[in-house]
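As you go down the protein sequences, you meet chains A and B in turn.
For the first sequence, position 33 matches number 33 in our numbering, and the numbering has no gaps at all.
For the second sequence, position 65 matches number 1065 in our numbering, and the numbering has no gaps at all.
Keep in mind that the hints were calculated from the coordinates and are not lab data.
No false leads were mixed into what you were given.
Quick list of simulated restraints, FRET-style, between CB atoms:
{"#": "1", "chain 1": "A", "residue 1": "P117", "chain 2": "B", "residue 2": "D1067", "range": "49 to 57 Å"}
{"#": "2", "chain 1": "B", "residue 1": "R1292", "chain 2": "A", "residue 2": "D37", "range": "21 to 29 Å"}
{"#": "3", "chain 1": "B", "residue 1": "R1227", "chain 2": "A", "residue 2": "P117", "range": "13 to 21 Å"}
{"#": "4", "chain 1": "B", "residue 1": "A1129", "chain 2": "A", "residue 2": "E42", "range": "40 to 48 Å"}
{"#": "5", "chain 1": "B", "residue 1": "R1277", "chain 2": "A", "residue 2": "E42", "range": "16 to 24 Å"}
{"#": "6", "chain 1": "B", "residue 1": "W1335", "chain 2": "A", "residue 2": "G50", "range": "24 to 32 Å"}
{"#": "7", "chain 1": "A", "residue 1": "E42", "chain 2": "B", "residue 2": "S1312", "range": "25 to 33 Å"}
{"#": "8", "chain 1": "B", "residue 1": "A1296", "chain 2": "A", "residue 2": "P33", "range": "24 to 32 Å"}
{"#": "9", "chain 1": "A", "residue 1": "E42", "chain 2": "B", "residue 2": "D1442", "range": "35 to 43 Å"}
{"#": "10", "chain 1": "B", "residue 1": "R1146", "chain 2": "A", "residue 2": "E30", "range": "53 to 61 Å"}
{"#": "11", "chain 1": "A", "residue 1": "G50", "chain 2": "B", "residue 2": "R1146", "range": "32 to 40 Å"}
{"#": "12", "chain 1": "A", "residue 1": "A46", "chain 2": "B", "residue 2": "D1354", "range": "32 to 40 Å"}
We put the beta carbon where it would ideally sit given N, CA and C, even for glycine.
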Amino acid sequence: MRVRLVDIAHARSGDKGDTANVGVLALRPEWYPVLQDYLTRERVAAHFHGMIAGDVERFELPNLCALNFLLHGALDGGGTLSLKTDAQGKVMSTALLRLALDVPDDVGRRLRLPQAPV
Amino acid sequence: MSRVVRVAGGQGFWGDALDAPRRQVEGGPIDYLVLDYLAEVTMSVLQKQRARDSALGYARDFVTVMDEIFPAVIERGVRVVANAGGVNPRGCALAVRAAAERHRLGRSVQIGVVTGDDLMPRLDECLAAGHAFANMDTGEPLTTIRDRVLSANAYLGAAPIVEALARGANVVITGRTTDTALPIGPLRHEFGWATDAYDVLSGGLVAGHVIECGAQSTGGNCLYDWRDIPDLADIGYPIVDCSADGSFVVTKHPGTGGRVSLPTVAEQLVYEMGDPRAYVTPDVIADFTTIRLEDAGPDRVRVWGTAGRAPSDQLKVSIAYHAGYKAVGTLLYTWPDAYEKAQAADRVLRARLDRLGLQFDRVLTEFVGVSAAHGPLAGPPAPDIAEVQLRVGVRGPREADVERFTREVAPLVLNGPPSVTGYGGARPKAQEIVAFWPALVDARVVRPVVNLL
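Construct the entire structure; sequences and hints are all you get.
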């Protein structure tokens, strides 16, 4: 079953130099394991392929039902060097929420995950 | 009931809402008002201002704010801690002293001035002594840009703020300090926290992180349930009710807009986060994976449990340097075929820039309304899209070339693709780029100084 991240999580992003961070927070505590299991570093790196120059790092915060991603080389040099509208990575959060996950049907049914519209 | 110290955040950056500090003081009882003015590149802007006028080089907004709130903070016994001093904390203190005299407050105002963060006068001495100030991101030594350095400031911790408060200051003005030192200083002073009480200090650090971005923890910029966050026009700024054990409750003044809830606080906690297990400051390294949150009633969130460990023996240094020039030009193209016209205009502009032989390190084109924010993730635009803004930016080492670019945008209105507007009469402006060079330095090199004025 296909699940849109925007339907199961919220997010906030910011910058540190040329690195954007995106904190992704589960909308319900019982949905956090879905983020843990399926929102992998590789999945996020593939999502942003071609948009960022560096690596992706991933950290878990089970206490906040959250994951934190560092997107290196995401901001055209960052800070005052960047020519991007989003030089501070403020909306990398919603860019990540565009991602959709493929979750096994039984997991989706058990957790009552909202299914992506076809 | 155990004692609570109320610390209010009144400024998320230099340029934040001007009336927020006054509303924090007048909206209800608080013990401390902390104001964060310094973003990474603010120091270099202030450095330039001081070069033009040696009395300047600090956040002048702070003087305006103090002028407005002085009678109330003195009457109510609220102490103010601000990093508004920039590259001239003493100049800032003199201006604040003048404001106090205008209100005839005299000796009831004691201003603590924290200096010693400015490494610029000693930079070559430090380099000669073997401190490389290598760029934390790239590893390059500072010598590669030494002749372009405009300012260099170490991030101080809470210790000098604690000292100023202990000596009786009711207004403390610092230069470059960590954002989180602004509340940790008052909390250490009030509760007598030891410098190695790392868990309770971590609580203070998290309290600082929650309030350092102003209303971003009280419903501002909050994606969760954003439509139903009440009355953003009258949003309350954050207050932390702190206890001696390092726990605290996030709240805001009654009757104000916005919301304090688990999601609004959690979103702020992950903002600008690096490795959550190591939030590094000169006072303590906090582990954000140990923070516990609990709903404590309407507009109240309790935060506790944060573990910390000893800081390293190095301080972060914020170095600003000249990195060339940049300019950004925009034009608006409309239906029909808005996106196609904007793309055609971009090709025309780039061909002309090439023909002129201008040298840039970077030319970046964005199509606002199509892909500026989310790039290819946004997918193709609707074929009948109403309008698209072409936004072209250039940067390079030569001011004359960037200046020439700014003259090539407007002519497209007459000599490029049709259905274009939005050229507001002014050319884009060529701007000097002052870039940020993060580095570390041995903490023993830095000697904070506290004076009372």
